[in-house]
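Visitor: Those sequence lines, one after another, are chains A and B.
Those letters in the first sequence? Residues 285 to 655, by the numbering used here.
Those letters in the second sequence? Residues 10 to 137, by the numbering used here.
Do not rely on the hints blindly, as some may be mistaken.
[Stated by the list, open to error] Facing chain B, a subset of chain A residues (Cβ under 10 Å, in silico):
#1 292
#2 380
#3 382
#4 384
#5 389
#6 393
#7 396
#8 483
#9 485
#10 487
#11 551
Note that these hints are calculated values from the structure, not bench results.
All values reported here derive from a predicted model rather than from experimental measurement.
No residue lacks a Cβ here, since even glycine has one placed at the ideal position from N, Cα and C.
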Amino acid sequence: MSKNESTGRKFLYQVERNLVPILFLVISVIAIPLSGYSYGYLIQEILIRLARNSFLVLALLIPIMAGMGLNFGIVLGAMAGEIGLIFITDWQIVGLPGMFLAMLLSIPLSVLLGLMTGKILNMAKGREMVTGFILAFFMNGVYQLVVLYGMGTVIPIVSQNLVLSRGYGIRNAVNLIGIRQVLDTLIPLKIGGINIPVATFLLITLLCFFIVWFRKTKLGQDMRAVGQDMAVSEESGINVERTRIISIIISTVLAGFGMIIYLQNIGTMNTYNSHEQVGMFSIAAILVGGASVSKAKISNVFLGVGLFHLMFVVSPMAGKNLIGQAQLGEYFRVFVSYGVISVALVLYALRKRRDKARAGQVLSDAQGEEK
Amino acid sequence: MRKTIVRAAAVVVIILLCVFLYNIGKAHTFLPENKTIELDGMKYRDYSEITISIDGGEEKELYPRDRIKVEVSGQSHRIKISAVSRSGEEIEITRRFRVKLRTKMYLLSLPALIEGDDAWLQEFTPLN
């Protein structure tokens with residue numbers, strides 16, 4: 285931005301950069317009084333949802349750093365996490381050991397899926413997001429084949445509560461009572477009637493520290509370099525394709541863990557649908573937090589999850605009180621989550637074009653002054 | 010070569026960790042009961058009242074002919090018993106015991122345990 289630009293233009297520039305979070309903040313401020321919910325209830329809900337979703341959304345940061353955009357492939361990690369959960373439920377491993385065992389079981393699957401995703405995305409450079417999106421649909425088919433036909437036949441499943449009455453395939457809903465909220469209630473803390481899931485937040489904090497540390501490592505620096513310019517990175521001796529694959533593998537593994545944390549909070553797994561919306565909602569949340577396809581910070585994750593879920597909580601009741609139909613709010617939820625991704629992507633493209641034009645203008649002005 | 014060794018070691022550590030988590034997280038169902046029982050010709054009469062706590066969990070009261078269900082995890086357990094006999098005598102016992110990894114259900118005969126019979130812990134197979 286040139287120095288002689290007026291303060292007003294600078295302000296408008298900042299507003300434009302943060303248009304999505306501002307939009308959400310405005311909608312939430314209008315919807316909160318309409319919903320009629322108490323502040324205590326809203327704070328409790330937001331805390332629960334922050335604990336439930338933040339780990340999953342944080343999994344998106346590393347691929348963004350590596351210039352691979354928003355990783356719709358986290359759905360694959362979520363599937364790996366779910367398979368881990370199916371196994372521990374079948375083996376009747378409960379409590380924290382069960383949750384951590386599910387995480388460990390998800391790692392090899394996540395690594396394999398991440399490796400495959402990374403290789404495919406390397407073949408589709410510049411179109412990573414749409415490729416990841418379609419890949420998630422494809423892998424959903426493979427997942428359903430394995431879970432619906434493979435489990436109970438090729439893969440032994442002992443528990444009759446898990447298997448469909450025909451003798452193979454996993455039931456639609458898996459009861460995770462053995463690990464339900466084990467992490468959330470590990471360190472009980474109640475302040476002013478509000479339960480705080482301390483252990484979950486500690487785990488999320490640990491991941492934040494890992495990301496901060498990882499950015500400073502050689503691999504992290506390589507990823508940032510690759511994210512800025514692949515050609516220059518290649519010239520400077522960085523193995524670009526390998527670096528990109530590693531970023532996707534890390535993201536997929538973290539997504540698997542995130543899905544397990546998410547489902548331990550809910551306590552029930554919808555075998556064939558739980559993972560489907562995970563990518564969409566996580567990406568919508570990070571975009572609401574002010575992140576873009578090429579730049580995201582840890583603060584974007586928490587702001588995004590907070591604002592996105594605040595709207596999720598208040599919109600059905602606000603819709604009901606305003607129009608008399610709760611369905612409007614439900615419609616609004618889905619509409620907004622898809623809409624926000626579209627708006628954020630359009631804004632990103634516009635901003636990129638405008639920044640390019642502005643840089644050209646600055647260069648042209650500088651050349652004019654030299655003459 | 011060094012890289013391969015490190016990777017192999019990491020895999021071994023993860024597998025060992027999985028085995029450890031499996032052992033400490035495996036769920037078992039205990040069915041403690043306060044019923045008159047005959048084991049190898051010895052008859053153990055039920056108690057007027059028995060209070061038990063397994064692995065430091067919630068205390069539960071059992072009256073004559075009561076049987077309850079307690080869900081636990083892991084192989085090593087500790088049971089704390091406070092009982093009142095029919096003659097009014099108060100007894101307190103703490104006992105540590107281990108269960109088989111693959112057995113899902115166990116029947117705990119509390120009168121037999123209090124009397125010191127080793128057969129107080131029996132595998133239980135529910136009827137389908």
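Visitor: Now look at each hint and say whether the structure bears it out.
Guide: So, going through the hints one by one against the coordinates:
no.: 1; hint: 292; result: 57 Å, violated
no.: 2; hint: 380; result: 8 Å, holds
no.: 3; hint: 382; result: 5 Å, holds
no.: 4; hint: 384; result: 6 Å, holds
no.: 5; hint: 389; result: 7 Å, holds
no.: 6; hint: 393; result: 13 Å, violated
no.: 7; hint: 396; result: 14 Å, violated
no.: 8; hint: 483; result: 17 Å, violated
no.: 9; hint: 485; result: 23 Å, violated
no.: 10; hint: 487; result: 16 Å, violated
no.: 11; hint: 551; result: 15 Å, violated
Figure legend: structure checked against the earlier numbered hints; hints not met, in rising order: 1, 6, 7, 8, 9, 10, 11.
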